[in-house]
Amino acid sequence: MGCVTSSEKKQKRMPSSLSIKQPLSIKQKGKTIASIKDDVEIVLYKKDFRLLYVASDARTMTIIQPINSSDHRARIKRQGYYALSHLWGNVKEFPTWDVGSFITENGYPVDPIPMRPEKRHTLLALLKAYPDTYWWIDVLCVRDDTPLVIMGDIYKHCKKCYAMLDCAPDLIPKLWEKRKDLKMLQRRYHELIAANLFQVDDDDPALIIHERQEYVKTLIAEEHDSIFEIVQSLFSCRWFDRVWTLQEIVFPKVVMLISETCNYDCDKHQISFGFIAQQVLGPIVNGDIGCDILQTAVGEQMAFAIDALGKKLQMVIRCTPLQVDRHNDPVGNAAIFVNMLASIGRCRRTCTDPRDYVYGVLGLLGMDIPRVDDNPQTVWITFLSVLDTMLQEHTTIARTGERLLTISSHAWNFRLALAKDSDHVYGMLLDLHFDKEIYNNALSE
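Be aware that the sequence shown starts at 1, since it is given in full-length UniProt numbering, and climbs by one per residue.
Calculated directly from the structure, the hints in this document are not laboratory data.
Hints should not be assumed to be uniformly reliable.
Listed next, with one range per pair, are the computed distances between beta-carbon atoms [said to hold, decoys possible]: (1) Asp-373 x Ala-74: 37 to 47 angstroms; (2) Glu-41 x Asp-144: 23 to 33 angstroms; (3) Ser-272 x Arg-187: 45 to 55 angstroms; (4) Asp-48 x Glu-118: 27 to 37 angstroms; (5) Thr-218 x Gly-100: 52 to 62 angstroms; (6) Asp-388 x Gly-100: 37 to 47 angstroms; (7) His-190 x Asp-329: 34 to 44 angstroms; (8) Lys-420 x Glu-177: 51 to 61 angstroms; (9) Cys-266 x His-190: 42 to 52 angstroms; (10) Ser-272 x Ala-55: 56 to 66 angstroms.
Each computed DSBU-like pair below joins lysine-lysine, with the alpha-carbon atoms no more than 35 angstroms apart [unchecked claim]: (11) Lys-311 x Lys-180; (12) Lys-156 x Lys-420; (13) Lys-156 x Lys-217; (14) Lys-178 x Lys-160; (15) Lys-268 x Lys-174; (16) Lys-311 x Lys-178; (17) Lys-178 x Lys-268; (18) Lys-156 x Lys-311.
Bear in mind the structure is a predicted one, so any value in this text is a computation, not a measurement.
The beta carbon of each residue, even a glycine, is placed where N, CA and C say it ideally should be.
Using the sequences and the hints, build the whole thing.
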């Protein structure tokens with residue numbers, strides 16, 4: 001697929017979904033102590049919610065259940081907790097990690113955990129860098145009977161999520177050292193946008209404006225070409241393409257990126273996802289700069305790559321958690337379902353276990369589906385049955401009993417084990433039983 005020009009972007013509509021007008025925002029804002037307290041209350045009394053407490057000397061760590069300890073609950077309300085996001089890999093290819101010498105639960109050493117050897121030192125260094133803190137780490141805090149829907153609340157209410165990426169250990173420090181350049185790039189973007197918008201009839205001023213455009217493009221090419229290359233390498237990580245990590249980037253207020261092999265010994269090994277996305281891709285995501293303009297500054301190949309990253313990020317931003325209410329207008333609920341499922345599909349995430357196409361998005365969909373068995377098709381049919389019940393409850397017109405959305409026959413016959421990516425799974429999931437134009441007009445009123 002080629003670049004979309006600025007003029008084409010204005011005419012292009014969201015494919016396979018019905019549009020809800022909403023601003024795209026990739027800024028991640030911090031929270032006050034009061035709001036942290038309000039947030040964490042939601043998870044503190046869940047019996048399946050566990051956290052790893054790192055002692056003040058950072059030498060010992062304990063798995064605790066906040067529901068059983070008023071002291072821990074009070075501390076977590078004050079300071080919040082961190083969450084970890086990482087790629088497991090194939091756990092059968094490496095030995096488990098024996099952490100029982102420094103991590104305990106109920107006074108006993110915990111069992112060995114699956115963790116790729118190259119990640120272990122970095123994780124341990126990260127935990128020791130934050131003594132007297134609480135962490136949610138799946139390999140330590142999840143049990144076989146932990147409901148997967150809880151993942152949404154866990155990542156939503158953490159104070160910060162640390163994402164361990166499968167990138168070179170020096171990649172993020174390179175970006176960290178270019179923080180000022182990143183901010184300058186944002187300024188250059190605005191200068192380029194202003195130069196392209198400003199038009200006059202007089203030949204001489206027009207010539208001056210054209211020269212200004214060319215000058216700004218030259219500055220972008222000379223000053224920031226290396227930034228584009230680094231960002232392209234960063235977003236090429238498998239972490240940005242996995243099903244499970246979608247909710248781990250959508251829910252948290254702040255996501256800090258670190259390399260899983262950086263050994264984490266100073267601040268330059270971490271950088272905010274929101275900061276990078278806003279400075280480098282913000283104007284592309286928001287449509288302020290088209291690929292046609294960008295390629296005159298950085299060349300066609302790099303412009304295509306950055307434009308593709310912008311589209312990739314846009315799909316993530318549109319993938320907001322499902323929020324429907326049976327007391328709401330069923331037409332509005334139908335719009336939310338359609339756009340949510342279409343967004344998951346268009347992110348084109350992949351996984352090694354086909355069951356994770358379902359399990360990995362339950363937090364986003366707010367669906368409580370237990371782990372059923374090892375058969376992907378059983379998981380898929382269970383998911384469709386629960387989703388069908390939700391659609392019937394939330395998108396049926398009470399007066400007539402007419403259902404606006406149903407599961408498609410394609411979906412009922414789909415073989416989850418053969419799924420190629422999330423779009424293959426969710427792209428043709430629903431049948432829509434209404435006129436789209438009338439539907440969109442109703443939404444805009």
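Hints versus structure:
For Asp-373 and Ala-74, the hinted distance range of 37 to 47 angstroms is satisfied, since their beta carbons lie about 41 angstroms from each other. The supplied range of 23 to 33 angstroms is met by Glu-41 and Asp-144, whose beta-carbon atoms lie about 27 angstroms from each other. A hinted range of 45 to 55 angstroms is violated for the C-beta pair Ser-272 and Arg-187, which are about 19 angstroms apart. Distance hint for Asp-48 and Glu-118: a CB-CB separation of about 30 angstroms, consistent with the stated range 27 to 37 angstroms.
Separated by about 59 angstroms at the C-beta atoms, Thr-218 and Gly-100 satisfy the suggested range of 52 to 62 angstroms. A beta carbon spacing of about 45 angstroms between Asp-388 and Gly-100 agrees with the range 37 to 47 angstroms that was offered as a hint. At about 39 angstroms, the CB distance of His-190 to Asp-329 agrees with the hint of 34 to 44 angstroms. Restraint check, Lys-420 to Glu-177: a C-beta distance of roughly 39 angstroms breaks the suggested window 51 to 61 angstroms.
The supplied range of 42 to 52 angstroms is broken by Cys-266 and His-190, whose beta-carbon atoms lie about 32 angstroms from each other. Distance hint for Ser-272 and Ala-55: a CB-CB separation of about 28 angstroms, inconsistent with the stated range 56 to 66 angstroms. A hinted pair counts as satisfied when its Cα atoms are at most 35 angstroms apart, and Lys-311 with Lys-180 qualifies at roughly 25 angstroms. A C-alpha spacing of about 28 angstroms is found between Lys-156 and Lys-420, which places the hinted pair at or below 35 angstroms, so the restraint holds.
Restraint check for Lys-156 and Lys-217: the C-alpha separation of about 39 angstroms exceeds 35 angstroms, so the hint is violated. A distance of roughly 23 angstroms separates the Cα atoms of Lys-178 and Lys-160; the hinted pair therefore holds under the 35 angstroms criterion. Taking the CA atoms of Lys-268 and Lys-174, the gap is about 8 angstroms. The hint holds against a cut of 35 angstroms. Taken as a hint, the Lys-311 and Lys-178 pair is honoured in the structure, with Cα atoms around 24 angstroms apart against an allowance of 35 angstroms.
With a CA separation close to 11 angstroms, the supplied pair Lys-178 and Lys-268 stays within the 35 angstroms bound. Restraint check for Lys-156 and Lys-311: satisfied, since their Cα atoms lie roughly 24 angstroms apart, inside the 35 angstroms limit.
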